[in-house]
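Asker: Taken in order, these protein sequences are the chains called L, G and V.
Going by the working numbering, the first sequence opens with residue 1, and the numbers climb by one from there.
Going by the working numbering, the second sequence opens with residue 1, and the numbers climb by one from there.
Going by the working numbering, the third sequence opens with residue 1, and the numbers climb by one from there.
Fair warning: there could be bad hints in the mix.
Cross-link-like lysine-lysine pairs, in silico, DSS-like; alpha carbons within 25 Å at most [as the list claims (entries may be wrong)]:
no.	chain 1	residue 1	chain 2	residue 2
1	L	131	L	8
2	V	28	G	203
3	G	28	L	64
4	G	203	V	97
For the record, the hints were derived by calculation from the structure and aren't laboratory data.
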Amino acid sequence: MPPLLEIKSLSTHFFTDDGLVKAVDRISYDIHEGETVGLVGESGCGKSVSALSLLRLIPNPPGKIVGGKIFFEGRDLLKLTEDEMCEVRGNKMAMIFQEPMNSLNPVRTIGWQISEPLEIHLGMSREEGLKKCVQLLTDVKIPEPATRVNAYPHLFSGGMRQRTMIAMGLGCNPRLIIADEPTTALDVTTQAQLLELMKNLTRDYQTALLIITHNLGIVARYADRINVMYAGRIIEKGTAVDIFKNPRHPYTEGLMASVPRLDYDIKKKLVPIEGQPPDFLNMPKGCSFHPRCVYVFDRCRVETPELIPIFENHEAACWRNVK
Amino acid sequence: MSKKTEEQIEPRRISRIGPKAILRGVLKHNLSRAGIVIIILLASMAVFAPLLAPYDPNAQDLYQVLTGPSTDHWLGTDNVGRDLLSRVIYGSRVSLTVGFFSVFISVCIGVVLGLIAGYNGGVADMIIMRIVDTFMCIPFLPFVLVLAAALGPGLKNIILALAVLGWTGFCRIMRGQVLMVRELPYVEAARAAGASGFRIMFKHLFPNCLAPIIVAVTISLGGFIMLESTMSFFGLGVQPPTPSWGKELRTGYSYLETVPLFSIAPGILITLAVLAFNFLGDGLRDALDPRLRGEGKKIK
Amino acid sequence: MLNKDKILLEVKDLKMHFPITTGWMFKKTIGHVKAVDGISFEIARGETLGLVGESGCGKTTTGRALLQLERPTSGHIFFEGEDITGMEEKALRALRKKMQMIFQDPFGSLNPRMTAGEIIGEPLQIHNMVYGKSEYEKKVKELMVTVGLSPVMMERYPHEFSGGQRQRIGVARALSVRPDLIVCDEPVSALDVSIQAQIINLLEELQEKFNLAYLFIAHDLAVVRHISNRIAVMYLGEIVEVATQADLYRNPLHPYTRSLLSAIPVPDPIVEAQRDHVLLEGEVPSPVNPPSGCKFHPRCPIADFPRCREEKPILFEIVDGNHWVACHGG
């Protein structure tokens with residue numbers, strides 16, 4: 001079965017006054033029907049830009065998708081016209097954003113906003129749309145959905161707004177939902193509720209889920225496969241179990257060692273990754289991670305490594321794996 | 001100790017906050033560049049007036065009254081034979097001086113009161129704001145004219161009259177900014193460190209609230225020059241024989257049909273000055289805003 | 001609870017109620033936001049007390065109350081035995097040398113128009129602790145090296161530093177007056193994951209070097225775990241559990257603590273697959289109108305009615321001096 005989404009060598013560049021920023025530099029990965037894939041990286045690594053690129057929502061100027069292919073259900077999204085792309089957005093591919101406070105229109109009711117994509121893509125009438133809304137709100141466990149349909153967003157808490165976003169995303173039964181840091185702005189307990197909800201719903205609706213986050217715990221709990229991003233490139237790919245058990249890129253390894261964990265009995269010292277993430281305007285030569293790498297050797301400073309398969313379904317972009 | 005961190009430190013970006021960066025930002029736009037050039041020219045005109053003016057602006061030549069442009073008098077002469085070009089050149093001194101000083105005094109009063117009102121809140125804020133409201137209820141132009149008439153003509157009095165009403169705008173702007181900035185964590189950090197109210201107001205709040213004030217200043221300069229011209233137009237302002245753009249405009253009004261240049265020349269200069277300051281204000285606003293809202297774009 | 005001699009800070013029944021007013025001219029109070037509703041705790045010299053809770057639980061307000069950035073509505077705060085509640089500004093200034101704060105926002109907590117050197121040295125100037133420019137510069141450079149910044153960066157502006165470096169500037173600033181206690185208000189929440197560890201390690205090193213006490217406020221139990229000796233868990237303005245770091249994680253007693261721990265995913269898929277996930281229903285109630293009795297009762301999986309709805313549980317000791325919990329179910 002061909003994958004639902006196949007990204008090949010996608011590049012998105014920003015042409016700024018200070019120089020060229022290769023926010024996304026030739027990334028490739030795929031997502032299968034119904035699976036949950038995690039895209040992990042810290043702030044500034046380009047993961048949100050890559051998600052926006054999938055939906056072709058990059059502001060132009062200053063950004064531009066300069067290369068690659070995005071095959072979704074067999075079609076290259078980069079070759080579609082804007083009208084055809086509009087048909088995909090919200091319908092076949094939906095996105096949930098990070099800031100629940102800002103993602104909802106404050107002057108429209110919840111019902112109006114959720115039924116908007118239903119009316120546009122599925123041709124429903126307002127009444128049909130609102131009925132479906134109530135059902136969706138029930139699915140996302142918002143209490144008293146029949147009354148809430150007519151409420152305005154400012155009455156909702158952050159957690160409830162995110163649930164509304166999830167309801168909006170699921171409305172047209174998309175094949176893929178992209179969740180860009182969906183719980184970062186929320187409390188821990190709300191985060192847990194929401195993620196469980198998303199997991200159950202995507203399983204019930206058989207939707208694929210792309211979770212973009214910097215939180216290793218979230219991808220450990222929910223993702224089947226993981227892509228690790230650093231400085232605009234994917235530097236490691238594999239199943240969740242593989243990557244956590246046997247990280248083959250020093251950055252991934254460093255992340256695991258530096259993240260505080262709940263489950264160690266003995267208080268282990270955190271081992272931070274030294275240095276700072278690179279400046280896109282001033283990228284190091286060779287491997288972009290080499291200035292911070294504890295294993296660095298000569299080749300790293302000169303040649304940029306590509307993703308090298310190590311085991312089945314496990315690749316890493318590091319010269320250590322090539323001997 | 002994390003040694004590597006120190007080595008990693010490299011200059012992240014060349015641009016810095018400060019006059020140089022702002023200047024660069026302003027110079028990017030053609031309009032504001034034009035504005036700066038014009039302002040420099042006009043200022044030079046005022047400063048070097050004695051060198052530039054071909055004649056003594058007050059020298060009357062009753063044999064050459066109301067001539068049009070000629071080789072002797074490039075812009076012609078006025079109703080008592082004084083060279084118009086010289087009068088217009090010297091007129092820049094009055095107009096620019098009035099504009100500059102009245103704005104300067106307004107800003108001083110308005111900024112200090114705005115700082116106090118915004119930072120202290122409570123009673124001080126209420127009193128100051130009610131005063132501002134009262135002043136703002138009074139129609140600007142008539143009040144300035146009445147005040148000028150009451151104080152009598154003369155350079156100092158116009159400046160005073162303009163300043164007395166002009167400060168309210170700056171006060172409001174400053175207060176608004178202060179209300180925003182005082183909630184920022186670094187102000188709280190200063191309080192936590194034990195900083196006194198004064199220190200917070202002048203070291204922390206003031207520099208960070210300046211941006212909209214600077215923009216307002218440049219635009220007000222244009223506005224106040226206009227006002228001076230208006231006042232002179234109505235007969236208040238500097239006494240004869242001192243020329244000012246507004247005075248000349250006024251006097252030339254009677255001779256529009258015969259010697260239109262009499263009014264048009266100072267008119268053009270007033271327009272130029274106001275435009276130049278407005279262009280500069282626009283450019284400054286663009287240069288200052290994004291720098292203060294966040295340091296450059298962040299890629300996520 | 002703790003050795004009386006070693007106690008640096010003691011908080012007794014602290015309450016912070018913020019009035020809600022209507023009307024613009026003649027303000028009328030129609031209610032209160034009970035941000036902090038009667039908490040008590042102690043911090044000894046050189047120890048770290050972690051204060052954990054979610055948004056709205058009052059932990060940040062507590063931190064600010066300690067530094068008297070907000071005046072407490074009622075209750076007492078004792079510092080080195082002296083009651084500092086409601087102290088005059090002038091007297092407080094001397095106190096500010098002993099208690100400092102590190103803020104959450106590495107971007108907003110530094111004045112963008114001051115250089116790093118000026119920011120770090122400002123407390124020194126305020127308290128007249130240096131004489132002359134050269135001594136000032138020497139001290140500032142020393143501080144920068146102590147927190148891992150290169151002294152040549154003294155003349156740079158905050159926007160030229162990265163998030164982690166800015167936070168180091170904040171730490172240096174707090175450290176400049178050699179305080180005894182530093183309130184760390186979510187100091188790593190806004191930082192990248194790989195940088196968080198750097199700052200946490202830095203804070204631990206400094207604590208050892210200068211015998212600092214910390215009140216470490218955070219919402220992330222995993223982060224707090226590494227740096228705290230004891231941890232207090234807050235919910236809706238009250239402390240529901242206090243225990244040593246080891247005890248809290250090994251044997252959480254309060255149902256809220258348990259669900260908080262359960263909600264935090266562990267970066268290990270195999271461990272995760274085996275964990276129980278205790279999910280709470282509903283959301284955190286508003287601090288304006290908190291539930292009666294035990295504030296946690298509407299969401300509590302083991303709530304016992306009518307007792308939990310009517311009777312407010314008080315913090316009582318389970319294990320000798322080391323583990324306290326406020327729950328009827330205990």
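Asker: Now, for every hint given, state plainly whether the structure supports it.
Answerer: Now the hints, each set against the structure:
Of the pairs offered as hints, the one joining residue 131 of chain L and residue 8 of chain L is violated, with about 40 Å between alpha carbons and a cut-off of 25 Å exceeded. Distance check on the hinted pair: residue 28 of chain V and residue 203 of chain G sit about 36 Å apart at the alpha-carbon level, beyond 25 Å; violated. Pair hint residue 28 of chain G plus residue 64 of chain L holds up; C-alpha atoms about 24 Å apart against a cutoff of 25 Å. A threshold of 25 Å between alpha carbons decides the hint, and for residue 203 of chain G with residue 97 of chain V the separation of about 20 Å falls inside it, so the pair holds.
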